[in-house]
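Participant: Sequence:
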Amino acid sequence: MILKKGAEADLYLEDFKDVFGFDFYNEKVVIKKRVKKNYRINQIDGMIRGFRTVKEAKIINKAKSHGVFSPSLYLVDLKEKSIVMEYINGTRLKEYLSSKGLDREIGHQIGSSVGCMHKAGIIHGDLTTSNMILKDGKVYFIDFGLSEESEEIEKQGIDIHLLRQALESTHFDISEELFKIILEGYSKVLGQQKKEEILQRIEQIEKRGRYRKRD
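Here the sequence shown stands for residues 354 to 568, numbered as in my numbering.
Misleading hints may appear alongside valid ones.
Okay, derived cross-link-like pairs now, DSBU-like style, lysine-lysine, Cα gap no bigger than 30 angstroms in a straight line [claimed, not checked]: (1) K417 <-> K560; (2) K491 <-> K370; (3) K415 <-> K472; (4) K411 <-> K390; (5) K447 <-> K408; (6) K358 <-> K453; (7) K432 <-> K447; (8) K358 <-> K417; (9) K508 <-> K541; (10) K560 <-> K491; (11) K381 <-> K508; (12) K453 <-> K432; (13) K548 <-> K453; (14) K447 <-> K415; (15) K560 <-> K548; (16) K560 <-> K488; (17) K488 <-> K415; (18) K453 <-> K411; (19) K547 <-> K447; (20) K472 <-> K390.
Quick list of simulated restraints, FRET-style, between CB atoms [claimed, not checked]: (21) D376 <-> E458: 17 to 23 angstroms; (22) D526 <-> G443: 20 to 26 angstroms; (23) K370 <-> Q518: 40 to 46 angstroms; (24) G562 <-> F373: 42 to 48 angstroms; (25) G359 <-> E521: 19 to 25 angstroms.
In case anyone wonders, no lab produced these hints; they're calculated from the structure. A virtual CB, placed ideally from N, CA and C, is assigned to each residue, including glycine.
Just need the whole structure built from these sequences, with the hints factored in.
Facilitator: Below, the structure written as structure tokens:
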């Protein structure tokens with residue numbers, strides 16, 4: 354069953370048994386398959402999709418090993434340019450927050466997890482509440498398709514800046530307070546000084562954005 358069709362990859366929901374030939378507690382899996390680009394030479398396209406598939410799988414595993422809740426990986430198929438992973442059967446944080454409103458514990462979890470990623474040199478690249486799932490009281494991070502490995506303060510600042518923009522766009526009524534709580538969780542992992550450095554960098558990023566708009 355198709356879950357989502359995207360520009361870079363399609364997502365499918367399948368029974369574990371149908372993929373691997375044996376049952377595993379009636380589990381389902383998500384298959385993320387990178388889309389072939391017809392405008393690229395076949396050999397180059399295969400190399401690019403293969404590289405991005407391996408890169409994403411590597412970063413998901415790295416995030417998980419550093420305490421970030423994310424899907425377990427079952428198979429990386431280089432021939433099909435796909436990743437078979439755990440299906441996180443929970444509630445999208447976007448829907449949860451829209452329904453329940455401000456939740457301090459959830460905010461702290463988001464900040465702590467982003468802090469763990471940045472501490473490990475991981476930039477998620479698409480931090481929105483649509484890419485977070487709440488299951489059993491834990492916030493899981495999904496869709497690492499735009500992620501990369503970097504310890505640059507600029508890229509960390511952009512990661513947090515985009516998260517704030519996503520909150521303002523989707524959860525305007527609680528975005529300001531929720532962002533403060535997220536930063537509290539972030540600073541508990543990386544310290545108050547790092548939090549201040551990130552806020553200063555975000556201010557610089559926003560200033561550059563305003564100058565571009567004037568131009």
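Participant: Each of the hints needs a verdict: does it hold here or not?
Facilitator: Now the hints, each set against the structure:
{"no.": "1", "hint": "K417 <-> K560", "result": "violated, 34 angstroms"}
{"no.": "2", "hint": "K491 <-> K370", "result": "holds, 26 angstroms"}
{"no.": "3", "hint": "K415 <-> K472", "result": "holds, 11 angstroms"}
{"no.": "4", "hint": "K411 <-> K390", "result": "holds, 23 angstroms"}
{"no.": "5", "hint": "K447 <-> K408", "result": "holds, 27 angstroms"}
{"no.": "6", "hint": "K358 <-> K453", "result": "holds, 29 angstroms"}
{"no.": "7", "hint": "K432 <-> K447", "result": "violated, 34 angstroms"}
{"no.": "8", "hint": "K358 <-> K417", "result": "holds, 25 angstroms"}
{"no.": "9", "hint": "K508 <-> K541", "result": "holds, 20 angstroms"}
{"no.": "10", "hint": "K560 <-> K491", "result": "violated, 35 angstroms"}
{"no.": "11", "hint": "K381 <-> K508", "result": "violated, 34 angstroms"}
{"no.": "12", "hint": "K453 <-> K432", "result": "violated, 43 angstroms"}
{"no.": "13", "hint": "K548 <-> K453", "result": "holds, 27 angstroms"}
{"no.": "14", "hint": "K447 <-> K415", "result": "holds, 25 angstroms"}
{"no.": "15", "hint": "K560 <-> K548", "result": "holds, 19 angstroms"}
{"no.": "16", "hint": "K560 <-> K488", "result": "violated, 37 angstroms"}
{"no.": "17", "hint": "K488 <-> K415", "result": "holds, 21 angstroms"}
{"no.": "18", "hint": "K453 <-> K411", "result": "violated, 34 angstroms"}
{"no.": "19", "hint": "K547 <-> K447", "result": "holds, 27 angstroms"}
{"no.": "20", "hint": "K472 <-> K390", "result": "violated, 34 angstroms"}
{"no.": "21", "hint": "D376 <-> E458: 17 to 23 angstroms", "result": "violated, 35 angstroms"}
{"no.": "22", "hint": "D526 <-> G443: 20 to 26 angstroms", "result": "holds, 23 angstroms"}
{"no.": "23", "hint": "K370 <-> Q518: 40 to 46 angstroms", "result": "holds, 41 angstroms"}
{"no.": "24", "hint": "G562 <-> F373: 42 to 48 angstroms", "result": "holds, 47 angstroms"}
{"no.": "25", "hint": "G359 <-> E521: 19 to 25 angstroms", "result": "holds, 24 angstroms"}
This entry does not satisfy hints 1, 7, 10, 11, 12, 16, 18, 20 and 21, going by the numbered hints stated previously.
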